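Make a model of the complete structure from these sequences and hints.
Residue numbers (UniProt numbering), protein chains in the order written: chain G, 1 to 385; chain S, 1 to 385.
Keep in mind the hints are simulated off the structure, nothing from the lab. None of the values given here were measured: they were computed from a predicted structure. Idealized CB from N, CA, C, for every residue including glycine. Do not take every clue at face value.
[To be verified] Here are the simulated distance ranges between beta carbons: (1) S:GLY79 <-> G:ALA195: 52 to 58 Å; (2) G:GLY22 <-> S:GLU343: 20 to 26 Å; (3) G:ASP346 <-> S:SER151: 30 to 36 Å; (4) S:ARG331 <-> G:ARG359: 41 to 47 Å.
2 protein chains.
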Amino acid sequence: MTVTAPAGFDAAGVAVGLKSTGKPDVALVVNRGPLKVGAAVFTSNRAKANPIIWSQQAIKDGVVEAIVLNSGGANCFTGSFGFQTAHQTAEKAATILGVSPGDVLVCSTGLIGTGDEVFRAKVLQGVEASAAALSPEGGQDAAHAIMTTDSVAKTSVVAGEGWTIGAMAKGAGMLAPGLATMLVVITTDAVLDSATADAHLRAATRVSFDRLDSDGCMSTNDQVTLMASGASGVTPDAVAFRSALIDVCDDLARQLQGDAEGASHDITIRVEHALTEDDAVEVGRSIARNNLFKAAIFGNDPNWGRVLAAIGTTQAEFDPYDVDVWMNGVRVCTAGGPDRPREDVDLTPRATDLLVDLRVGDASATIRTNDLTHDYVHENSAYSS
Amino acid sequence: MTVTAPAGFDAAGVAVGLKSTGKPDVALVVNRGPLKVGAAVFTSNRAKANPIIWSQQAIKDGVVEAIVLNSGGANCFTGSFGFQTAHQTAEKAATILGVSPGDVLVCSTGLIGTGDEVFRAKVLQGVEASAAALSPEGGQDAAHAIMTTDSVAKTSVVAGEGWTIGAMAKGAGMLAPGLATMLVVITTDAVLDSATADAHLRAATRVSFDRLDSDGCMSTNDQVTLMASGASGVTPDAVAFRSALIDVCDDLARQLQGDAEGASHDITIRVEHALTEDDAVEVGRSIARNNLFKAAIFGNDPNWGRVLAAIGTTQAEFDPYDVDVWMNGVRVCTAGGPDRPREDVDLTPRATDLLVDLRVGDASATIRTNDLTHDYVHENSAYSS
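In structure tokens form, the structure reads like this:
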């Protein structure tokens, strides 16, 4: 049910030929209320796609009636024509739904530079077709329509005390969210005001999508949107709601990691006993972005020297010669020297645990990444062809 | 002739079994004077190998009598035993040469974590054997003894007005120098004091090795050392000497790039019309470290969207929607939109030129990198086996 699991939401996913495969490529999610609360976080990449530029304006009043999403073209670096396309997309949906265009968000994903007249015509056609197909059971269709190189649709639902959160996500590459991630739509029937929705969303994305760094490449089109319909009539306990929202975001982040292009290992990097959480994140991210470490994991090689070489490039507080490194439960390095033999580490499972103990404080963080594989290179050298 | 091309230097390269292949693995370069001037720059990685820690102390007085280099083991994260090994290496060479141990530098390269009793015994044996083999014609042997995954020895010689500069380098992976690069030894018979040598060396490495970023991974063992013997009796013109030194460093940087592990393209990223040189370097480096761009080049795909997505993550001064991107002479993007069709770009040659015109100022910089290939992944997943 995904985004239509909570009460008050209709959705649809239709195929209009943006994808050469003929698979669904335009999704529409509509909030039927009574509340029309929205919050969103966007890529921190300065190179922003036209739908991002549109949506950043549209979200300012905290009101969202609907969101249109398309795959098969990013509408990024497509000039003023591309911005007009995003604008017309919102207007088209608003006219059909009888709402204000400024309350319709737009998301696009696909190849950068794609957004010509043909693209525009298909997207507008998709708005019409998806509006005609709207249904309280349309969540699964919508989740399929936003897929690009994803091998599976990513969805998540969590039920609270009288309220529900539902969500869908797409993303398989260019996965290094800056304040958001790929395209994510989260819905809830809880009663929230827009400031509370915004605070919950930022708190949840900070410790979930922001801690996913599959390939160090930040997208131009990332957007995470939360819509609240209030249809349950229940104002949730703030702590319980935030916790449930984090669960949904973390679940989607793991699904994104598990479906990352070409990956053969899902690597969970746990940094413990850092002085600050920021230090822990910086150290974890330096490992997640180290190609030599990622290639070693692909080769089932517990090359802990590459971990230390990576974290040595950070400004975090620690002594490189007093760090412990564990791989899949085996301490391979202690106090700046070798510990248990490499042969003791079994890296054949897809799930890979790296633990780095900085031994200076009480803060910790977990960063999720993937290995660097032949298939990653292959898929990303052939993407636009 | 490499490091023995200038007058006043002897060198040797010998095999002592540090490499499983039986190839030469210990090099010694000795300055016979009359001057014993030395300058060095080191990796800015906080995770530093033991020979780096030793050499950073030894260089402080600006006097260098000799340098010992070994391949087949990095002596990094090998604890206090490893530091003692570096110390004993310098003492052994000093005793044989009749100089102070504090004037002998040590460099190591190979697998991090390698540096046990067997390693120490072989290195010390290598010092003895190479000292016995010292010769004014030993430069080529030394250049071969420092190779690891290098497919060719890297050397460079430039002649000035009455003086000569010679050099050798090794490096094929973990190539993202922070203030230095892999192992480089540069010799000259010019008359220089140590402050002048240091200034020339820093100026030259800043625009050569520091602009090479093959895989974004900074080594723990990088060191570039300049030794001046004064044997020519000629005090060089400062501008001419610095220019020649830059030529030598740039020549070696290109050789390192051309021999980078698994690479199939040598990519020259030229950033023009930046507001500052720092901005140009930041923008160039963001592209050089973008795996999606590098994989696209491997696939001969002129995917300029990935260039814009990469530079959008920087803090440099420019408008992402007013940038021109050229690939091998074809302008594929102008003012935030597509220009000439992708099909016009021929990316089949190994030499690849990317030009990014930021259109805001007069500063520029060139960053050299490589593509991301199947072979890179293969070589780096199997390195330690």
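Hint check:
For the pair GLY79 (chain S) and ALA195 (chain G), the beta carbons lie near 54 Å from each other, so the given range of 52 to 58 Å is met. Separation of GLY22 (chain G) from GLU343 (chain S) is about 25 Å and conforms to the stated range, judged on CB atoms against 20 to 26 Å. Between ASP346 (chain G) and SER151 (chain S) the beta carbon distance is about 33 Å. The supplied range of 30 to 36 Å therefore holds. Look at ARG331 (chain S) against ARG359 (chain G): about 53 Å separates their beta carbons, and that is not inside 41 to 47 Å.
The structure shown violates just one earlier hint, number 4.
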